[in-house]
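A.B. asks: Please arrange chain U on chain P, whose structure you already have, making use of the hints.
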Amino acid sequence: MFAVEIGNVTKTFEAVTAVDRLSLSIPEGSVYGFIGPNGSGKSTTMRMIANILYPDSGTIRVFGQERVGTRSAELGYLPEERGLYRKMRVRTLLEFHGELRGGRNVTSEVNTWLERLGLADRADQKVETLSKGMSQKVQFIATVIPQPKLLILDEPFTGLDPVSADSIRGAILEMRKRGCTVILSTHDMGVAESLCDSIFMIFQGRKVLDGTLASIQASYGSDTIRVELEGEMPGPGELPGIEQVKDLGTVRELRMSEGCDSQHVLHTLATRARITSFSVVKPSLHDIFVRIAGPPPEEISVA
Amino acid sequence: MHRILLLAKRDYLQTVLSKAYLFGLVLLPLMMGGGFLILAIAGRSNATDQRVAIVDHTGVSGAAVIQACEEANRKAVSDPTNWLQAVPHYVFEEVKPETDEDAQLLSLSDRIRTGELFLVLDISRGALQPSGDDKKDDKKKDLVHYYTNSTGVNQMNIWLPAAVNDGLSRVRIAQLGVDPARLPDAMRQVDVVSMNLVSKDPATGKIVQGEKRNPIQTGLVSFFLVFLLVMVVIVGSMPNLGAVAEDKTQRVFEMLLVSASSFELMMGKVLAALGASLTTSALYIVGGLMVLSGMALFGLAPLNLLPWFFI
Numbered sequence: 001m002f003a004v005e006i007g008n009v010t011k012t013f014e015a016v017t018a019v020d021r022l023s024l025s026i027p028e029g030s031v032y033g034f035i036g037p038n039g040s041g042k043s044t045t046m047r048m049i050a051n052i053l054y055p056d057s058g059t060i061r062v063f064g065q066e067r068v069g070t071r072s073a074e075l076g077y078l079p080e081e082r083g084l085y086r087k088m089r090v091r092t093l094l095e096f097h098g099e100l101r102g103g104r105n106v107t108s109e110v111n112t113w114l115e116r117l118g119l120a121d122r123a124d125q126k127v128e129t130l131s132k133g134m135s136q137k138v139q140f141i142a143t144v145i146p147q148p149k150l151l152i153l154d155e156p157f158t159g160l161d162p163v164s165a166d167s168i169r170g171a172i173l174e175m176r177k178r179g180c181t182v183i184l185s186t187h188d189m190g191v192a193e194s195l196c197d198s199i200f201m202i203f204q205g206r207k208v209l210d211g212t213l214a215s216i217q218a219s220y221g222s223d224t225i226r227v228e229l230e231g232e233m234p235g236p237g238e239l240p241g242i243e244q245v246k247d248l249g250t251v252r253e254l255r256m257s258e259g260c261d262s263q264h265v266l267h268t269l270a271t272r273a274r275i276t277s278f279s280v281v282k283p284s285l286h287d288i289f290v291r292i293a294g295p296p297p298e299e300i301s302v303a
Numbered sequence: 001m002h003r004i005l006l007l008a009k010r011d012y013l014q015t016v017l018s019k020a021y022l023f024g025l026v027l028l029p030l031m032m033g034g035g036f037l038i039l040a041i042a043g044r045s046n047a048t049d050q051r052v053a054i055v056d057h058t059g060v061s062g063a064a065v066i067q068a069c070e071e072a073n074r075k076a077v078s079d080p081t082n083w084l085q086a087v088p089h090y091v092f093e094e095v096k097p098e099t100d101e102d103a104q105l106l107s108l109s110d111r112i113r114t115g116e117l118f119l120v121l122d123i124s125r126g127a128l129q130p131s132g133d134d135k136k137d138d139k140k141k142d143l144v145h146y147y148t149n150s151t152g153v154n155q156m157n158i159w160l161p162a163a164v165n166d167g168l169s170r171v172r173i174a175q176l177g178v179d180p181a182r183l184p185d186a187m188r189q190v191d192v193v194s195m196n197l198v199s200k201d202p203a204t205g206k207i208v209q210g211e212k213r214n215p216i217q218t219g220l221v222s223f224f225l226v227f228l229l230v231m232v233v234i235v236g237s238m239p240n241l242g243a244v245a246e247d248k249t250q251r252v253f254e255m256l257l258v259s260a261s262s263f264e265l266m267m268g269k270v271l272a273a274l275g276a277s278l279t280t281s282a283l284y285i286v287g288g289l290m291v292l293s294g295m296a297l298f299g300l301a302p303l304n305l306l307p308w309f310f311i
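Protein sequences appear in the order of chains P and U.
Using my numbering, the letters of the first sequence correspond one by one to residues 1 to 303.
Using my numbering, the letters of the second sequence correspond one by one to residues 1 to 311.
For the record, the hints were derived by calculation from the structure and aren't laboratory data.
The structure presented is a predicted model; accordingly, all values stated were derived computationally and were not measured.
Check the hints yourself; a few may be wrong.
[As the list claims (entries may be wrong)] With a Cα cut of at most 30 Å, we get these calculated BS3-like pairs of lysine-lysine:
1) P/K246 / P/K207
2) U/K9 / U/K248
3) P/K177 / P/K207
4) P/K149 / P/K132
5) P/K87 / P/K126
6) U/K9 / P/K126
7) P/K126 / U/K212
8) U/K248 / P/K132
9) P/K132 / P/K177
10) U/K200 / U/K212
11) P/K87 / U/K9
12) U/K75 / U/K96
13) P/K87 / P/K132
14) P/K149 / U/K9
15) P/K87 / U/K19
16) P/K149 / U/K96
17) P/K132 / U/K200
18) U/K19 / U/K9
19) P/K126 / U/K248
20) P/K132 / U/K19
21) P/K87 / U/K212
22) P/K207 / P/K282
Looking at chain P on its own, in the form it has when it is part of the complex (with noise of 0.2 Å):
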């Protein structure tokens, strides 16, 4: 059972293609990553789900219905943008949105999570007092106040500290645990590769990727030297078969081009240099998300 489906859906604004003849299926009770650079679709994607914008053509399901103008308790969405009123005290907001989606009063969901997220002693201040950080904790609890069964997080980590963002984790499993289907988009590959079941990247408006990490990886195959040397790297002309040097600091990271032998690089660079640590790796999310929306492959340093 799918949580949600998207069928072949457009979404323009004037001249630009924000999302592009997009399908995808989200299964119920998965935490699905979107990722893609800025501007790609994720954001419009994502609001698009949560019946925020609607599309030009194709179609939307949750939970197997079209809900096109309808509302529901059973979705959760926190935009990118911090939308809270800045007058209201964080308490009287969190219940006005747990009302608002949920018709019943929530009073008592409000303290535990206050409680839970670090806020309880802020519950009495108005929002405006908060730091960004905090503003993200209490609009992420107005998100899930009413226990919806489809949470749409659009960057949930952006301006949390690490303590911030572990709590704000621990919730998504949490939820997770509890049936909830978490759709999150995020520009930190180590959280999507450590937080989601899988990965849909967006670019140009298209999908370019769409799986678990463990399949994606495995399509690229295992095209990654990781090698530490002392002495002279040779630059990638200078290598037969390869592509791309990468100088990570101590780790270089090269990348094979198809039929390349390892072995062979390896011997051409214990002829230049003397070799401390070689593996053959399959490369990282982060590595298979440059190559697709970043520059041409060249010699490239990002010590």
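C.D. replies: Chain U alone, transformed into the frame defined by chain P:
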């Protein structure tokens, strides 16, 4: 419906408890009242003598028109209902018509431009023999012209036509052979006074004559009602306009649109604005009635009109 009421309640409370609303509630009447007061004071300080030239092409009407205008000016200066508007004292001078009428009017217009004159009144030759059948012929109707550089409304616009006609009528009556000495009595105007309704004393059963209405007080009550309407609209709507803009710019709408439809959101805003306006009406009306009661003028309150401020 529950969502609309919830949204309306939140917006209403935010509006009426905001500093902007409370400040507006107090500050707007003060600013508007103060504005009128400053205008009145400034107007009175500017109420200096103004010179008016009269060119009489009939050759016999100048003195009578000047006399009628001076009487009207004196009356306007002493009229207590003109407390808000400046009424200057006009000094009239009769200018002999010249052969080249256009050149003379140009010369007089230049004197207005330099500030030497306030107004030029040009009475044409036919002013003493107007024809009542020439309604379609504007040239025959427009027998008296006046020229001024004043762009605003001034007291002279109000009484000048009647005063000029009064002066011309005196000349015409004199030409019919009536003794000029008897003209002032014949032409004297009487005051038309507004009275309160006659009533019956419930205790004695006697008929009680209505009292003379104070024109200042009745004028003030009408003025206050118009004033109230403007303030209710401004004070009630401004914070809500700001709230809509704030919700949009701070992306609150995006958060709310998951929970409520755009219709529900806007209906909530409309109801909140309505509530704020009704609160403003109630506060101003109760305040106004208390002021009238304190001044022992409660009878002037148009109680029959007040419910309309809540509709």
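A.B. asks: Against each hint, give a clear statement of whether it holds in the structure.
C.D. replies: These are the hints, each one checked on the structure:
1. P/K246 / P/K207: Within the cut-off at roughly 27 Å; holds.
2. U/K9 / U/K248: 19 Å, holds
3. P/K177 / P/K207: 28 Å, holds
4. P/K149 / P/K132: The given pair, whose Cα atoms are some 27 Å apart, holds under the 30 Å limit.
5. P/K87 / P/K126: The given pair, whose Cα atoms are some 6 Å apart, holds under the 30 Å limit.
6. U/K9 / P/K126: 18 Å, holds
7. P/K126 / U/K212: Between P/K126 and U/K212 the Cα gap is close to 58 Å, so the pair fails against 30 Å, i.e. violated.
8. U/K248 / P/K132: Since the Cα atoms of U/K248 and P/K132 sit roughly 19 Å apart, the hinted pair holds (cutoff 30 Å).
9. P/K132 / P/K177: 28 Å, holds
10. U/K200 / U/K212: 17 Å, holds
11. P/K87 / U/K9: 15 Å, holds
12. U/K75 / U/K96: It holds: about 28 Å lies between the C-alpha atoms, which stays within 30 Å.
13. P/K87 / P/K132: 15 Å, holds
14. P/K149 / U/K9: 28 Å, holds
15. P/K87 / U/K19: Roughly 11 Å separates the two Cα atoms, so the pair holds.
16. P/K149 / U/K96: 96 Å, violated
17. P/K132 / U/K200: 73 Å, violated
18. U/K19 / U/K9: Distance ~18 Å between U/K19 and U/K9 Cα, so the pair holds.
19. P/K126 / U/K248: Holds, because 20 Å separates the two Cα atoms, which is no more than 30 Å.
20. P/K132 / U/K19: Given that 30 Å is the threshold and the Cα spacing comes to 25 Å, the pair holds.
21. P/K87 / U/K212: 54 Å, violated
22. P/K207 / P/K282: 22 Å, holds
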